[in-house]
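**Student:** This is what each chain is made of:
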Amino acid sequence: MLVELGHFSLILALAVHLLQSVLPVYGCFVGDRRIMKSSVPIAYLGFLLIAFPFFVLIYCYVISDFSVANVVQNSFSEKPLLFKITGVWGNHEGSMLLWVVILSFFSALVGLFGKALALRLKTLVLSCQSLIASAFLLFILLTSNPFLRQNPPALQGRDLNPILQDIGLAIHPPLLYLGYVGFSVCFSFAIAALIDGHIDAVWGRWVRPWALISWFFLTGGIVMGSYWAYYELGWGGYWFWDPVENASLLPWLAGTALLHSAIVMEKRGALKIWTLFLAISTFSLSLMGTFLVRSGILSSVHSFATDPRRGLAILAILIFFIGAALLLFAFRASALKTGGLFRPISREGALVFNNLFLTCALSTVLIGTLYPLLLETLTGDKISVGAPFYNLAFVPLMVPVLFFMPFGPLLAWKRGDIGAVCRRLAIAFIIFVVAIVFTLVKTSFRDVLSALGIGLSWFIIAGAVTDLIAKTGQRSTSFFVRLRRFFGLPGAVFGTALAHIGIGLTLLGIITVSTFSQEQILILKNGDSTSIAGRTLQLKGARLFNGPNYNEKQFDFSVSENGQPVAFMTAAKRFYPAQQMPTTEAGILSDGFSQIYIAPGSETDNGLTVHIWWKPRVIFIWFGGIVMMLGGLCSLCDRRFRIGAPQRKRKLT
Amino acid sequence: MTKKIWHILILSVVFLLIALPFSKTFAVLPDEILSDATLEARARNLSQEIRCLVCQNETIDDSNASLARDLRILIRERLKRGDTDDQVRQFIVSRYGEFVLLKPPLSKNTVLLWASPMAVFIVALIILFACWHYRSSAKPQPLDAKERRDLERILERID
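Chains as they are written, first to last, in my numbering: chain H, 3 to 655; chain S, 879 to 1037.
Treat the hints with care, as some may be off.
Below, a list of computed lysine-lysine pairs in the DSS-like style, where the Cα atoms sit at most 30 Å apart [stated by the list, open to error]:
#1 K542/H to K527/H
#2 K1024/S to K339/H
#3 K39/H to K473/H
#4 K981/S to K384/H
#5 K473/H to K269/H
#6 K986/S to K384/H
#7 K416/H to K117/H
#8 K473/H to K416/H
#9 K981/S to K958/S
#10 K527/H to K416/H
#11 K269/H to K1024/S
#12 K269/H to K339/H
Everything labelled a hint here was simulated from the structure, so no lab data went into it.
Quick caveat, the model's predicted, so the values are computed rather than measured.
Work out the full structure: start from the sequences and follow the hints.
**Tutor:** Structure below.
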């Protein structure tokens, strides 16, 4: 009964969202304020009607209702409760439902926080959001309905892919979707501005928090996904240049560019058209990401629960929204007035520079991801584009952005003085050189590129700190005044500094691991020991363990330093009977920001094959991401967003 | 002959410098490892560029599949026999097609791919300069009669 109610509610939601995408627009054109005002309550209703079926589906998973086909295909009665719940979005139907839940949630938030927003703009934004929601609701109801019953009901479910039975699934997809879908608000704002025909600083101030929130979640989603892959897939890699990973990186790059260009738009009124274009592209790339992942058109380590037939439907949605948005852009963008002149050497100029390289890097990843697909369609030839391509094509495009990152925040608006900025960065330059020389000596002059990379990371970090200090006063300012001013700095300044420091930390982690990691592949018998990075690892023994829906063989290792035991590690080989699938549970021991990583391999008569890695500073890779997220939060807490955006001047009639 | 060796040496040094490997992770088994360290390093570099055919999107270096293991052993055998990296690559391509190379070789099929980063960058630069030129050549609009009167009034007041 509840399942049918959920199903019915979903159909009702489609009707409400269809209404929402038509009626308020009509109100806008005839100028009926009452109709326009109805868009906010309808947005709330639209959210409730989608949230209800989502909770019904969760309930079905929790009680293991095996009369629902979707539950049978993806759940298992013995599965731990947490994984029953996360299993809801571990499959195609459920994840699409989560997608629209988040979409309508954001619409409701726009209604809730948009009290000061001009009515016309708000109405158009909500309508555009609802149009997107309608398309996806239709898609869910027609091709991927999670509420279909199965008769007779099954006695037991088929269980979820074991790789997905992890805390990672609880966090990674929702964060990623919050990011993907959050950009839909920016997209809708862009569409509304194009229809409305004008765009100003108020628009910029409204779009920036949404871009920040989405960017915050998307960063979190990517970081979480990367760490999950690192410990779960059992070969210690954290980024594979996999098409699906690229699909999340693309909106991230576009979103990062959008954040930067929106600053210029808000503060200086320049780059308006470009910011609009980025807002449209970012969400378009999110849609494309959804399409690539959900259609299964690209083979990837992430392929699960995919169905090519549905790909076509998402492709149609994709083409409709991107095509319509770009058409609208082409026709209306020229009507927007531009403003805010600036010199090439200025804060604006630096942000344009950032956008230029980020866009090029983004295009490279986009082309690399889609090229094999297009080539196969056109000529039938199959090629692969993998990590070596991206290392050659993407990395060089990112280096200029990274190197000039400390310069941007120190330059003045409109007209900057590069010489003065260089003088301010003197200490950062010294740190840059010292780090390079130190690394060169440490690697006995073998690895020049790594040394440059490590120098660059420290330069970025030092540059961000320099910016914070520079913002507190002149050379002559006393320490206490500086300290007081430091705590009075706007959130956005801390946001910039933290986000840049985060980038530096991530880069530092990536390069340190790739340069200084140590690795051993060997066969160990019980009691055998090996040493890595100054520590001795001894295989103590193995024991069997039965989990709720798996059984595993655990291998215990003791870690000792200078003969003193310091820690124990456990790695395991696990087997899930329901899916007949083995997995490797790596043993990981953190020491500060470094880790020892043990992946058990096959067992032979001679002993156990083990891969042991020493991964120095590896945690910096994800810690940097978390620092970036913190930066996003700081920026979001900036006073100017709380005080409320200035209202548009009322027109005198 | 010596010229060719130099050629390869320089190329491999350049390659090592450029292709800064971002993840050094191996599914290599102990019995596969060659005793010659330089040969082993070459084998690993090679196997990081070759895609496992039975997995979704892993290199044969990461993959635990038996086919990947066979390929890794094959690469090492060819290297021991004195093949150059290119010869090994060609041998594998001749058996499994270009699909296995994660770094697609330059050919008429991939010329667009390899040219794209530079092309995009140049186009972006051209657009940027065009916009810049357009913006800086746009003259500010002259004041209309009312604005001029207002300005004069304000200036008079200041005086």
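**Student:** Next, verify each hint and record whether it holds.
**Tutor:** Results for each hint:
1. Using a Cα cut-off of 30 Å, the hinted pair K542/H and K527/H holds, with the two alpha carbons roughly 9 Å apart.
2. As the CA atoms of K1024/S and K339/H are separated by approximately 22 Å, the hinted pair is consistent with the 30 Å bound.
3. Taking the CA atoms of K39/H and K473/H, the gap is about 44 Å. The hint is violated against a cut of 30 Å.
4. Restraint check: the Cα-Cα separation between K981/S and K384/H comes to about 13 Å, which is no more than 30 Å; the hinted pair holds.
5. As the CA atoms of K473/H and K269/H are separated by approximately 17 Å, the hinted pair is consistent with the 30 Å bound.
6. Taking the CA atoms of K986/S and K384/H, the gap is near 13 Å; set against the 30 Å cutoff, the hint holds.
7. Restraint check for K416/H and K117/H: not satisfied, since their Cα atoms lie roughly 33 Å apart, outside the 30 Å limit.
8. Of the pairs offered as hints, the one joining K473/H and K416/H holds, with about 18 Å between alpha carbons and a cut-off of 30 Å not exceeded.
9. As the CA atoms of K981/S and K958/S are separated by approximately 23 Å, the hinted pair is consistent with the 30 Å bound.
10. Straight-line distance between C-alpha atoms of K527/H and K416/H comes to about 68 Å, which puts the hinted pair past the 30 Å bound.
11. The straight-line distance between the Cα atoms of K269/H and K1024/S is roughly 29 Å, inside the 30 Å bound, and the hint therefore holds.
12. Under the criterion of a C-alpha separation no larger than 30 Å, the hint pairing K269/H with K339/H is consistent with the structure, at around 16 Å.
Hint violations for this structure: numbers 3, 7 and 10, all remaining hints satisfied.
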